[in-house]
Amino acid sequence: MLASLAGATLVWAIVAAGCVCVGSTGRVGWPGVEVLPYRIEIVLVASLIGAALAAAGVVYQAILRNPLADPYLLGVSSGASLLSLLWYLGALSALSLPIQAAGQQAFAFLGALASVAVVFLLSSRRRRIEPVTLILVGVIVNAVNGSLYLLIFFRHPELVSRGGGGFTFLVGGIQSNLTRQQEWLAAACVGIGWIVLACLSGQLNVATLSEGEAQGLGVRIHRLRWIGLTTASIVSASVVAISGPIGFVGLVCPHLSRLIVGRDQRRLLPAATALGAALLAVADAISRVLSQQSLLKTQLPVGVLTGLLGGPFFLLLLWQTRRRSEGAM
Amino acid sequence: MSERSLCGNCSFSRRDRGIALRSCWICLATSLVIWSLLACGCDRTKPAAAAGGAHTVASLVPAATDLIMGMGASNHLVAVSNYDDDPQTTRLPRVGDYQTIDWEKLAQIRPTSIITFYGPGRAPAGFAQRADELKIRQVNLKLDRLQDVYDSIGVLGEICGEPQKAVAMAGKIRQRVEAIHKRVAGEPRVRAVLVVRESGADLAGRDTFLDDLLTEAGGVNAVTASRYVTLDREGLAALRPQVVLLLLPGEDEKSVRRVKTMWESIAAAGQDAKGCRVCPLTQTYIEQPGSHVADAAESFAQALHLPREPASQPSATAAGAR
Chain A
116 MLASLAGATL
126 VWAIVAAGCV
136 CVGSTGRVGW
146 PGVEVLPYRI
156 EIVLVASLIG
166 AALAAAGVVY
176 QAILRNPLAD
186 PYLLGVSSGA
196 SLLSLLWYLG
206 ALSALSLPIQ
216 AAGQQAFAFL
226 GALASVAVVF
236 LLSSRRRRIE
246 PVTLILVGVI
256 VNAVNGSLYL
266 LIFFRHPELV
276 SRGGGGFTFL
286 VGGIQSNLTR
296 QQEWLAAACV
306 GIGWIVLACL
316 SGQLNVATLS
326 EGEAQGLGVR
336 IHRLRWIGLT
346 TASIVSASVV
356 AISGPIGFVG
366 LVCPHLSRLI
376 VGRDQRRLLP
386 AATALGAALL
396 AVADAISRVL
406 SQQSLLKTQL
416 PVGVLTGLLG
426 GPFFLLLLWQ
436 TRRRSEGAM
Chain B
2 MSERSLCGNC
12 SFSRRDRGIA
22 LRSCWICLAT
32 SLVIWSLLAC
42 GCDRTKPAAA
52 AGGAHTVASL
62 VPAATDLIMG
72 MGASNHLVAV
82 SNYDDDPQTT
92 RLPRVGDYQT
102 IDWEKLAQIR
112 PTSIITFYGP
122 GRAPAGFAQR
132 ADELKIRQVN
142 LKLDRLQDVY
152 DSIGVLGEIC
162 GEPQKAVAMA
172 GKIRQRVEAI
182 HKRVAGEPRV
192 RAVLVVRESG
202 ADLAGRDTFL
212 DDLLTEAGGV
222 NAVTASRYVT
232 LDREGLAALR
242 PQVVLLLLPG
252 EDEKSVRRVK
262 TMWESIAAAG
272 QDAKGCRVCP
282 LTQTYIEQPG
292 SHVADAAESF
302 AQALHLPREP
312 ASQPSATAAG
322 AR
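Those sequence lines, one after another, are chains A and B.
With the first sequence counted from 1, adding 115 to any position gets you the working numbering.
With the second sequence counted from 1, adding 1 to any position gets you the working numbering.
Hints were generated in silico from the structure; no laboratory data involved.
Possibly wrong hints are sitting among the right ones.
Claimed, not checked - The list that follows gives simulated cross-link-like pairs (lysine-lysine, BS3-like), each with its CA atoms no further than 27 Å apart: (1) B/K255 with A/K412; (2) B/K143 with B/K173; (3) A/K412 with B/K143; (4) B/K173 with B/K136; (5) B/K173 with B/K183; (6) B/K183 with B/K166.
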């Protein structure tokens, strides 16, 4: 586990250092002293978001025993995003910044938990979760959350500025006007959540087995599932609260990492986390480069790029699953 | 023999893993090449040096940029918004808009003031935090009414260190608007609507600077709702305006014709559509609360008070022609 963690951190550090060299000022190379703190901040925030979504994806896929599970597809991201927006709606500007940030995190977590509970309950049948039903229910929860989100925007268009960019928040992106309190609180939630998930990672190997087999190995599978789901929801909600729902990172990264390090969750979790962090840092760097090319008037939200990458990947996975099931018949 | 996954339906053979690893390397190499090409094509121009001395301004509001240039203080502008398309601003770096702010560019440029356009109490807290760190004064403009435009000119003059130029400009605009008001004072007031988007269904209502300009130009807004509204076809027909002012800045002829046809058909369907005129106004400044508000008022006045000759007017509606 420690060796995987060290290796993954090293790979991420190399990629992140490369991303620090790419900026919106048009110059490629190590930035000057005045720009460096802002460049590092944006790379770290992007990495934090990617890492959290990928780690949550690993846990959802293991616990739900579904290769298509991902915070975005399960409706967790849209639920967290919706409640986070509601917090903005009701939050009093008189509140201190740390309380505002904490309230936003709490609301996002409630939204994530509510969505995952609905998806989990509606797709369970005789204590078994149907993989396709799970995704269908996730799609419906996403659609309902998305509609409520748009309804709030139409009713309160002034939230476009309050959220630090309504459109960016809707499709998922790195916000440029986050407070330090928001950033630190999200980092703390992700850090603590990740440590819990790392401690559970050995048992997560067993979670992928049937209940009988897991209990035979002495693992209290129900408790493990609830702790895993709740912690993964906290981790994903805490970043969705500051970025909006960035799609497919939690789907793509665990699968790519599984191909590289295998299926042992103790190695998979650090690898997917590092890959998620690197992927989003690179996506953000690309969006910064694109904004310099006069192709776009404003910076492209990274959610658009991850969607372009993740959509075809999702279809590939579906096709692969279908081919395998046909081959097994 | 294929190795099965521990993860439910997900299964990959050793061959798959080999292919995937090779694909990963190919993807990585390809993205590095693409990235390098993109990086080579980057605009390497450094931000313009501040020529404005102690008063340097970054404007995230195109209308404010226009006001600053209009008063002759463009040498104080060091950065503009992503949506500024005036040819005079092409040399200036773009530092953001109402959605995103490029703090690293701002850290490099270090203007003394930054102009924003957030609603009251709606400025993101993180914005103020970063602006304070960089010691940039945040100036939040309000440009809802015509009086706000006059007030903003004063504020902009102050942050540019050019108060005399601001006073002169505000006086000049006020004089021209008052002259238009006096000229049309004897004319009957014309019931009009102000269409503000290409959809044709978005209208400027009361409590907007466009409504103020319409009033000064001798018109009365058929929309009684406050601010900006979007109506369906039925709602648009119920307004029964005498003049429809299509404010379509910079739109091409095809778009203008489409919106014009739409409004002509709405007017034709109305019971008292006789004499309803549809007037497209495509000047780039026409719906901007900037230095050309007096020109906009002049265009409104000319469109409202044309002699009514439906048979010879190309924009007359079918009903009007009958």
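Hints, one by one, checked against the model:
Under the criterion of a C-alpha separation no larger than 27 Å, the hint pairing B/K255 with A/K412 is consistent with the structure, at around 23 Å. Distance restraint check for B/K143 and B/K173: the Cα-Cα separation of roughly 21 Å lies within the 27 Å cut-off, and the hinted pair is therefore satisfied. For the given pair, A/K412 sits about 24 Å from B/K143 by alpha-carbon distance, which is consistent with the 27 Å threshold. Restraint check for B/K173 and B/K136: not satisfied, since their Cα atoms lie roughly 34 Å apart, outside the 27 Å limit.
With a C-alpha separation of about 15 Å, the suggested pair B/K173 and B/K183 falls inside the 27 Å cut-off, and the hint holds. Between the alpha carbons of B/K183 and B/K166 the distance comes to roughly 26 Å, so the proposed pair stays at or under 27 Å and holds.
Hint 4 from the earlier list is the only one contradicted by this structure; the remaining hints agree with it.
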